[in-house]
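Sequence lines, in order, name chains A and B.
In terms of the working numbering, the first sequence opens at residue 1 and continues consecutively.
In terms of the working numbering, the second sequence opens at residue 364 and continues consecutively.
It is worth saying that the hints were derived from the structure and are not from the lab.
Bear in mind the structure is a predicted one, so any value in this text is a computation, not a measurement.
The beta carbon of each residue, even a glycine, is placed where N, CA and C say it ideally should be.
One should not assume that every hint holds.
[As the list claims (entries may be wrong)] Distance condition first, Cα-Cα at most 30 Å in a straight line; then the derived DSSO-like pairs of lysine-lysine:
#1 Lys536/B x Lys7/A
#2 Lys528/B x Lys130/A
#3 Lys297/A x Lys350/A
#4 Lys115/A x Lys528/B
[Stated by the list, open to error] Just the calculated beta-carbon pair ranges, DEER-fashion:
#5 Leu558/B x Glu288/A: 54 to 60 Å
#6 Gly469/B x Leu168/A: 44 to 50 Å
#7 Leu168/A x Lys536/B: 47 to 53 Å
#8 Val16/A x Asn481/B: 33 to 39 Å
#9 Thr324/A x Gly469/B: 55 to 61 Å
#10 Lys350/A x Phe467/B: 55 to 61 Å
#11 Val468/B x His224/A: 50 to 56 Å
[What the hints assert, rightly or not] Not close to chain B: a few residues of chain A, all C-beta gaps over 10 Å, as computed:
#12 Met79
#13 His89
#14 Ala174
#15 Met198
#16 Gly278
#17 Glu279
#18 Phe306
#19 Lys329
#20 Glu330
#21 Lys350
#22 Leu362
These are the residues of each chain, in order.
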Amino acid sequence: MTRILLKNLTKRFGNVVAVNNLNLEVKDKEFMVLLGPSGCGKTTVLRCIAGLETQDEGEIYVGDTLVNDLPPKERDVAMVFQSYALYPHMTAYENIAFPLKVKAAAESEIDQRVKRVADLLKITNLLDRKPKQLSGGEAQRVALGRALIREPKAFLMDEPLSNLDAKLRIYMRAELKRLQKDLGITTIYVTHDQVEAMTMADRVALLNQGVLQQIGSPEELYQHPSNLFTAGFIGSPPMNFIDCHLTKEDEKIYLDTGILKLPLEDYLAGIPKGRNIGEEFVLGIRPEDITLEKKEKKDAIQGEVFTLEPLGSEVIVDIKIGETIFKIKENATFRAEVGEKIWLTFRKDKIRIFDKKSGTTLL
Amino acid sequence: MKIRINKKLLMVFTTFIAIVIVVMLVFPIYVIIISSFSPKTSVFQPFEFIPREITLKVYNDVLFGPMSRFVPRLVNSLIVSLLSLAITLILVIPSAYAFSRFKFVGRNSLLYGYFAFNQFAGGMGLAGLIALYAILNYFNLLNSLVILALIYASGGVPFNTWLLKTYFDTIPKDFDEAALVDGASYLDIMFKVLLPIAKPGIATVAVFTFMGSWSEFIIAQTILLSDENYTLPLELNQLLASPATNWNVFAATSLLYAIPVIVMYLFAQRYLQAGLAMGGVKR
């Protein structure tokens with residue numbers, strides 16, 4: 001049973017707070033992805049767990065052991081680096097064997113285990129090669145092998161796929177996920193790529209500026225973002241946002257976006273009582289929750305086609321309304337000319353409303 | 364068309380200059396080589412571009428002759444150079460590793476101290492030499508090959524530490540960290556991971572140190588008092604200083620003296636190639 005528990009973890013570099021009071025529990029055998037933009041502190045968290053950085057405050061448990069003051073080698077975790085960090089003077093075999101060599105394991109045992117791991121990763125034919133003779137994907141597997149051989153309590157992976165080309169990355173994504181499930185080793189995986197996070201994770205912990213934004217299954221984060229940051233970060237293309245404020249007209253209260261007025265009673269649940277007229281909110285809607293019509297339609301908003309981004313299986317249509325650009329997902333068959341007039345309808349049940357000041361999701 | 368002629372002329376001119384420079388550089392070496400194979404004690408009376416007579420007698424005399432001092436001097440030179448090389452590597456490798464990888468109290472002051480030492484030590488010249496002589500004399504340490512090796516090593520340690528530290532700095536820390544997580548100790552990291560990667564840097568330090576000790580004259584002249592402790596540069600000087608210099612003997616000794624340097628260079632050349640650190644990390 002290896003769970004990893006972070007309690008009030010804080011790490012500063014000079015005046016910069018890289019990780020701010022992070023609480024996180026990674027369950028046994030779970031594939032947890034730490035997601036966030038560059039500089040959000042996700043790699044720092046990983047390095048604190050590995051023992052490569054010393055936290056300023058808080059506690060780190062690997063299994064039931066408090067590892068705060070333990071050196072990396074006593075934490076029994078293995079790490080895969082973004083650069084792979086394969087020792088250039090050693091063959092793939094020697095690289096994989098290294099963790100056992102420094103433990104002074106018996107040669108026969110080393111040989112047996114290296115071969116088993118190589119077999120598992122299908123790299124038996126590469127064992128005699130030096131790192132510079134390996135392709136990106138092969139080097140990646142050797143690096144994984146070096147992590148696997150110790151049979152550690154947990155895997156820490158720091159953007160391990162980011163140096164691979166797009167095709168191989170998609171392939172390795174599935175491979176890695178399957179391997180993790182087969183081995184049942186608790187894994188923390190750091191990435192800035194939300195597609196990687198969504199496709200691989202059991203749960204995603206989203207970080208921004210050292211602060212945990214939300215933790216949950218990929219679907220939860222997508223469907224129920226807890227704040228503006230999560231809503232904007234998860235999803236490709238991202239959610240469309242429009243600033244709006246409360247207005248009163250004919251004794252009725254509306255959310256006014258400038259291009260669209262939504263009667264508040266439809267959204268009452270999300271807006272706490274006691275809000276004043278003029279108070280500001282942000283309205284959000286995902287690209288797939290807007291439909292386009294070429295003919296004028298009641299309650300639809302008029303815009304003009306700004307550009308089309310065909311993706312093969314679908315097309316992303318950029319629509320300009322006033323100064324705002326909306327991104328909308330359409331079927332691949334959708335055709336329109338740039339500059340053409342078009343009408344947008346929002347799926348009202350999919351509209352999200354956020355508090356502009358705090359960013360909290362209200363609806 | 365005009366420009367093309369000018370270009371051609373320029374090429375002819377620069378080639379001519381290059382040839383002149385090469386001849387100027389190679390000519391003395393050529394003279395030394397033909398002298399060493401000449402039975403005559405002086406090649407200049409009269410000078411022969413292509414010698415009429417070639418003999419290996421001089422080499423035989425220098426190496427095996429009854430009067431030969433070459434072999435014992437060679438042994439002295441090798442003792443001093445290899446010892447100073449060993450001392451340098453033992454001191455420089457761990458300190459360069461520490462300077463490159465760890466933060467400790469006084470790290471920067473020490474580094475700048477080393478730098479300052481490099482700048483001033485050479486400039487002290489004669490005063491330093493006299494002081495060195497006085498100190499060694501006081502402690503009765505003159506005329507010792509071991510002491511000479513220690514002086515050579517200590518003189519080179521600051522510069523070589525800087526040099527190797529700079530090389531270690533270019534090796535990504537990912538290697539250290541990967542090894543650390545893999546369960547390696549700091550000694551493991553130094554010996555099993557960084558040293559093999561740093562071979563080019565270490566080879567550079569080794570070549571510098573060996574060549575420095577091998578060719579040093581002034582300090583050796585100052586502290587080595589008796590003939591039997593003389594190193595090869597002092598021997599060469601003696602050959603020159605004798606009233607009737609045998610130029611062919613001097614030439615043969617010079618060429619033999621150069622052989623270890625060439626061997627050392629050829630040996631180190633394999634490692635003097637950069638790029639060994641590439642391949643393990645993707646950037």
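Are all beta-carbon distances from Met79/A to chain B longer than 10 Å? The assertion about Met79/A is violated, with a minimum of 5 Å to chain B.
Measuring from beta carbon to beta carbon, are Val16/A and Asn481/B in 33 to 39 Å? Given a distance of about 36 Å, which is inside 33 to 39 Å, the answer is holds.
Can you tell me whether the CB distance of Val468/B to His224/A sits inside 50 to 56 Å? Taking Cβ atoms as reference, Val468/B and His224/A lie about 52 Å apart, which means the hint holds.
Assertion that Glu279/A lies farther than 10 Å from chain B (Cβ): holds, 49 Å
When you check the alpha-carbon spacing of Lys297/A and Lys350/A, does it fall within 30 Å? holds, 19 Å
Between Thr324/A and Gly469/B, does the C-beta distance stay in 55 to 61 Å? holds, 59 Å
Grab the minimum beta-carbon distance between Lys350/A and chain B and tell me whether it stays above 10 Å. holds, 41 Å
Within a Cα-Cα threshold of 30 Å, do Lys115/A and Lys528/B meet the stated pairing? violated, 38 Å
I want to verify a distance hint. Is the separation of the beta carbons of Gly469/B and Leu168/A within 44 to 50 Å? Holds: the Cβ-Cβ distance is about 48 Å, inside 44 to 50 Å.
Using the Cβ atoms, figure out if Leu168/A sits within 47 to 53 Å of Lys536/B. With Cβ atoms ~26 Å apart, the hint is violated.
Checking the smallest CB distance to chain B, is Leu362/A really beyond 10 Å? holds, 44 Å
Is the distance from the Cβ of Leu558/B to the Cβ of Glu288/A consistent with 54 to 60 Å? Holds - the Cβ-Cβ distance for Leu558/B and Glu288/A, about 57 Å, lies within 54 to 60 Å.
Checked against the numbered hints given earlier, the structure breaks hints 4, 7, 12, 13 and satisfies all the rest.
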